[in-house]
Structure formats: structure tokens, C-alpha cells
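Undergrad: So the chains spell out like this:
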Amino acid sequence: MAINKYRAMKVSKGFSIHLLLGLVAFTCIFPLFWMLRCSFMTLETVFTDKSIIPTAFHFGNFIKVLTEEKFGIYFMNSVIYTASVVSAIVIIASLAAYSFSRLRFPGKNFFFYMFVAAMMIPLPGSFVPLYVLINKLNLVNTRIGYILCMTNVGLSMSILLLKTFFDKMNTDLEDAARIDGCGKLGIWWHVALPLARPAIAVIVIFNALNVWNEFILAQLLLTDTRLMPLQKALMEFQGAHSVDYPVLMAGLTLAAMPIILLYLAMQKHIVKGFSYGATAG
Amino acid sequence: MKKIASILSFLCLIALCFVFVSCSQQEKDPDRVVLWHWMNDRHEALETLAARYQKETGVKVKIDLFSPPHAYTQRITATAQTRDLPDIFGILDKKEIFAAYIKNGFVADLTEEYKKDNAAWEKSLFTKALDVNRFAEDNIYGVKPGVYGVPLDVTNIQIIYNKRLLKKAGISRPPETFDEFLEATKALNRVGVAGLVSGWGEMWLIESFALNYAFNIMGEEKVMATFRGQVPYTDPDWIKVFEIFDTLSEQGALVDGIVIKQNKIAEQDFALERAAFAFNGSWCVNVYHGMNADLEYGVILPPPVNPDRPMKIWGGSGSSLVVNKASPSKDKAIAFLRWLTAKDQQAYLSQETKNLPANKDALSEIPQILSDFAGVMDHTTHPTLWKYNELAKVASEFNKAIQSIIVGDLTPQEAAAKVQSIKMAEMEKEKRRQQRRER
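Chains A and B are the protein sequences, given in the same order.
Be aware that the first sequence starts at 1, since it is given in the working numbering, and climbs by one per residue.
Be aware that the second sequence starts at 1, since it is given in the working numbering, and climbs by one per residue.
Extracted from the complex, chain A is given alone in its bound form (with noise of 0.2 Å):
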């Protein structure tokens, strides 16, 4: 009778916390499903078709989206962008979360601060600063301008997290590499930057996620249609006082693909990075 009783707790136990988790994931999954169901229905029936399920599925607003003239360009500038950004706020990041956490300097502590304190401000607010200063280098409409401005927007919070990691690392390994020979940024290569995937996984997907949505920093920067991200695309797909929601979904389906692709190749290294933050926390 006892060990019904234990069953009993364990299983509605369970069945509490399945419950809640599947209630969030369900909020979390509804949207997605919703932006896909209305991608597959036309401008008449988006707000008549309360159906679950589309009545009848059309597929002309993904047509629509990929003959677009310049989606193509668009997807294409933002692959440049998410792929430079995330690659430099790697190396950067890394590079300089290590000597923070490693390196004695004069003004360490001071210099770690200024970086912390960066996150505070938010993106908008440094908006005509940004531009200026872009303006003085000469690097306005250009690619490498605004790969410049992402990357260090995504910096701060990315050597906190992995300075972080840094400081938890057990330092054995690095001195048995050090015996072998190898110098800081042979340590750097060889020990903290294998050891730190799971935190590296967690950035790459933060900011990946960060430059592949961003467009506001990118209006102001470029001026060269050439040049704009995917979500300036998106962004025409809405008039001023009208929208074209169906097409915007499926265009919205379809910028939202290689991230969740991302998320999906990457999970089970972020799941780790942020139990790993949790335990050394």
C-alpha cells in the first residue's frame, strides 16, 4: 500500500511537470505553427479560415517570397553577415575572456568592468553614436562597417559568458600543455577553445540568432539595397497601412529555417553550456 502511495506521488508528480513543461513548449511551438499555417492560406481566407488546419493549401506566397527579385541578395547578405559577426565575436571573445581570466595585467579588473558595463546600454541609444563614428572611418554603406558594429554589439555578453567558463576550467591541463611546450595562444588553441564548445555553442547560437534579426542597425548603416539583410526583405512585404500577411509569414517561415537549423545542429552543446553555467554558477 506504501509503495502505491510512492507510485502514485512519483507519477502525478510527473505528470505535473510534464504538464507545465508541456504547456510552455506548447506557447513556445504555437506562434511557429501559427506563422507556418498562415504561410499556406491567401490574403481572403487568413481572416475568415478559423480552421486549425488550412481548408485548402497554397503554396503561391512561397513562390511569391523565393522570385522575389532581391531575396536571394538578401538571404545571401545575411548568411555574410551572421557568419562574419558570429565568426569574429568567436575569435574576439574567446581571445580576450581567456586573458581576462588567465593573464595578470595592469587594469584587468577595470578593463573587464568597461566590457560588463557596455551591456547596460541598449542597442537604440548608441544608435547616432554608432553612426558617426562609422561616418568619421568612412566605413558608411559598406559591409565590413556595419560586420564591425554587430560584432561589438554581441562582445560584452559573450566574454562574460566565457570568462565565466574560463574561470571554472581546472587549470592541469593547461599545465601539462605548458610542459609540452606551448605557449599562451597554443594554450589558447589547443585547451581553452576545445574545452569551451559548450559555451561557444551558446554564443554562436546567441548571436547568430541576434545578427540574423536585426535590421534597424542595418537601415541606418547601408544605404546599398545590394547590401541590406533578409529582414529588410520582410519588411517589405508590409505596406503602411496594409499587410500582406500571408506572404509575410511564408517569408517569415523561411528566414526563420536556417536558425532553427542552427538551433537544432547545435542543441545538445547548448543544452550543456547552460547546465554547465548553472553547476559552475
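List of simulated lysine-lysine pairs, DSSO-like, C-alpha gap at most 30 Å:
(1) B/K393 - B/K418
(2) B/K264 - A/K50
(3) B/K62 - A/K70
(4) A/K136 - B/K103
(5) A/K50 - B/K167
(6) A/K136 - B/K62
(7) B/K62 - B/K116
(8) A/K70 - B/K60
(9) B/K330 - A/K136
(10) B/K387 - B/K325
(11) B/K429 - B/K222
(12) B/K360 - B/K115
(13) A/K50 - B/K163
(14) B/K55 - A/K70
(15) B/K168 - A/K50
(16) B/K95 - B/K222
(17) B/K330 - B/K103
(18) B/K62 - A/K64
So, partial list: chain B residues that the calculated Cβ filter (under 7 Å) puts toward chain A:
(19) N40
(20) A71
(21) Q81
(22) T82
Covered stretches of chain A, as calculated for chain B (at least 3 residues, CB under 8 Å):
(23) 36 to 48
(24) 124 to 135
(25) 217 to 223
Bear in mind the hints are in silico, worked out from the structure with no lab data behind them.
Since this is a predicted model, take the numbers as computed values, not measurements.
We put the beta carbon where it would ideally sit given N, CA and C, even for glycine.
Chain A is already provided as a structure; the job is to place chain B on it using the hints.
TA: For chain B alone, kept in the frame of chain A given last:
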């Protein structure tokens, strides 16, 4: 992980190569006019017109779109600081900010241009559209009097009615007076159709409707006197204004939940024939076309309560553009804007984008519904054109009080007393602020 890392590294390498080989520098060509705008729905039409202009005159006009509007405003602010503004641009802000741009030498004075050829350009445009870009002799901003912008289109807010639903309720013509309007909504209710829908969850729409009737009941002078604090909101004429909403609510003339409706939702309700009347702006032609291309509707001025005084509605310039005073292509920019606001180009823009043209002569060339909307531009007014505006907190309380009347929380008298008490308190605060400034 190794495989993913190598794929990512390869992608990064390609991306970085691409970045460095394709850096595009800012081009500055004095023989080219650059126009920056925020209007997604007008971009293609503007590009077509720019190509046509190049064919006719040889001058290339580059049209660049930056949207949404807040991103556009950020760009204009930033480029103004570095003195990198394009030849033609728009200022999407309060008149105070517009004035600041003028005073800082970013905007060209177009007054003389409008006066050329016996003021032909000025005469071709709706006066109300120009007024938004005009700074009067005694303007409070300290700007040299003149006209500083070019209206691209106009807009106004009226009552739209569904022809099919009115017919279903046995109504042969749209209502001409407020009483007829109430009768029409009763007839519609009898056949299961809701009366008036509007986005009265948004304060500006409720304020617009209320002030239309305030102008109709007591006239502009008395409304302005109220804003100056010389007439109380408890005045019988203001009670009449509040009573309009009480009557509309009491007689079931409004759709359920109107005070929490956003205009986007209200637009859906009308387009999908869930209500027979809508209080909405002229942009609705574009919206309704997208939602229900077969919708049959017409437009009327809000039916007056006082037939002896003309009905005033909110309206004026929809979108305006200005010329960069420091631009080396200033003359070319002005010439292009003059061409863009000529009859044929305005008709084309209106047909393609379903916005009301700023050029009066273009009305004969555009669809009937747009022409009907634009035909009453003489009836328009707008808070930006008034000499006095209500204090922000009082205006907000005024709108909230109307919402409370509609949901039955306040009577018109209670609402008037509440707004007046806020007005008194705010005036007292304003007086103290003034005294502190003088000290």
C-alpha cells in the same frame, strides 16, 4: 561537432572574403538626386516615376527606402548630425522637430518656388496639404515664415458605409444627419448587423471623432477658448458632445468592445462586413482592398448634429518631403518634386497606391472612392494647424472619459466634471511653472 565546425569555418572564410572584396563606398554624384523615404507601399510607384523622369529630363533620381518609420527617423537624425542628409527626405516628427531642422539649416525654404509662374504650383495643390508644411507669420517656433515642404498626398478621416449592408437593412441612402444615422443603426441592428466600428481603443481616433462634433456643435472659436481655459468642459455645448457617445452607446449604434479595439481590428471588422459603418481614414481604401476586394462601400462626412454649422474633419497632408538646403543638387531636387506633384504623376501615384493625391487636378483621373474622400478636403482641419492645443494630460483624460461613457461608467455630466477638474489642476500646475520660469 568537428564536421559542423569545419562547415562553419568554411562558411565564415567565404563570408569574410566576400566582405572584403565587395565593400561598397558611398557614392556622391552632383548630377543625381537622392530621395530617402519610408513608404513601403509607394516605393515601386516612386521608382517607376523616377525612371520616367530620367527618360524625360535626363536627371537620375535614386529612390531609397528605409522602413519602418522609426528606423527611418533614426537614420535621418543620425545623418543630420553628420551633415549627410540626401537631397530629398521627409521629417516624420512633430512640427517642433520640423522647425528645429529648418533652424539648423537642413531644410530649404520653398516659398519663392511656390510663387513662381503666378503661383501655379501652389494653386495646383490642396491648401490644407500645404498648411502642414507652412510656418505662419507669428509661428511660435521662431521659424522664418514660409512653406518648407512638398505634400505627396493627403488624407482625412470620415465615415465609411457598406452599401450592401445598408440595402439589406432597407436603407436607400446614407444618413445625412445624426438622427438619421441613429435610425440607420437601429434598422441595421434589426437585421442583425452592427452599426459603427472604429479603433476607439486608440485615443487619437476617439479624440478626432469627438472634436469633429465639438467643432460642429460650438464652432472652432469656442473649442479654442476651452483649450485656453476660458470655457469649462461643463459648458452645455461640451455636455452635448459627451452626450453623443452616451446616445450612440445607449441606442446600440456601436459594435461591442469598441473602446478596446485597435484600428487594425476595426478595419478587419468592416472589411469582413461585421459592421455597416466605420470611422476611419482614407488609407482604408488600400486596407479594405487587401482584405476584401469585393467590398462595396461609400464615404460620407460624419452626420452633423448641428446642421447650421459645417462639419469639420481631421485631415491634411499625408506624407510630405523636404529639400536639403545644403544639397548641391537642390534645384534639381525641387524640379523633381514639382514634377512629382503635377497632375499626371499624382494620378498615377494615386491609382497605384490608393492614396489621395495632393494635386487637386488629379481628382478627375482617380477611382471614385478616392475622389469622394479627397472631394471634402476643404472641410479638413488638424491639431497641428490650430493655434492652441489641449494640455496632454487633459486630452488624455478627455478621451478616457469618453471611453467611460461608452462602457457606462460615467454619465456625460460626470465625465465633463471629471475632465474639468483635471483641466483646473493642470492649469494651476502650468501657472506655477510659468511663475517659476519668470522668477
